[in-house]
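Spelled out from the first residue to the last, the chains are:
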Amino acid sequence: KAGVTQTPRYLIKTRGQQVTLSCSPISGHRSVSWYQQTPGQGLQFLFEYFSETQRNKGNFPGRFSGRQFSNSRSEMNVSTLELGDSALYLCASSLNPRDTQYFGPGTRLTVL
Amino acid sequence: KNEVEQSPQNLTAQEGEFITINCSYSVGISALHWLQQHPGGGIVSLFMLSSGKKKHGRLIATINIQEKHSSLHITASHPRDSAVYICAVWNNNDMRFGAGTRLTVKP
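From first to last, the protein sequence lines stand for chains A and B.
The numbering used here applies: residue -6 is where the first sequence begins, and numbers increase by one.
The numbering used here applies: residue 869 is where the second sequence begins, and numbers increase by one.
A portion of the hints provided could be inaccurate.
As the list claims (entries may be wrong) - Examples of chain A residues lying across from chain B (beta carbon under 7 Å, computed):
#, residue
1, Phe38
2, Gly51
3, Arg66
4, Gln94
5, Phe96
Read the hints as simulated data drawn from the structure, not as lab findings.
Just so it is clear, the structure is predicted and the values come from calculations on it, not from any experiment.
Cβ atoms here follow ideal geometry from the backbone N, Cα and C, with glycine treated the same way.
Just need the whole structure built from these sequences, with the hints factored in.
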């Protein structure tokens, strides 16, 4: 079975731009979660999706949004990028919410 | 004070040593995860626990719900175990993470 894939793997943007990151879960997994990792804050929870519905959202501003499609693929969007949004964005999938998660390789976003 | 505290922050061991990493949390949880992150960023979920003890190969994870404490043990440590180990807890509506323990195992 293919693992969790994330695209793109690396991205450079400038302040004020917006970005969309994509995550394809393991086949059959219906739950997708997103995380942000920075040297200063460590890992932080962004969203959890299940069956196209956002179940939970972490403490992030409204500039961070996401969605899940009927095939369980998920996207997250960050609008009006700030320098502090530079981070590794990780996606993880599981069969159902709160099951063991399988992480993708991450998308490293740099905001200049 | 962080809701999820790990100790130690850094740990250096000689190959073959028995290693213990601790995690204490201050919130109610539905499950606790131990994650392993290698240089380059890839994260692997090692264990998910809600009670008791789990074992996988040389790795053992325990949790004491009453004391709000979990430990990750590595027996017969090996240089390939060198990584950052992260404790994470599901608390109602989100996941909270410890700062991680950086383990270096020297040959």
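Next on the checklist: Which constraints among the numbered hints does this structure fail? Numbers only, ascending.
Outcome noted: 3
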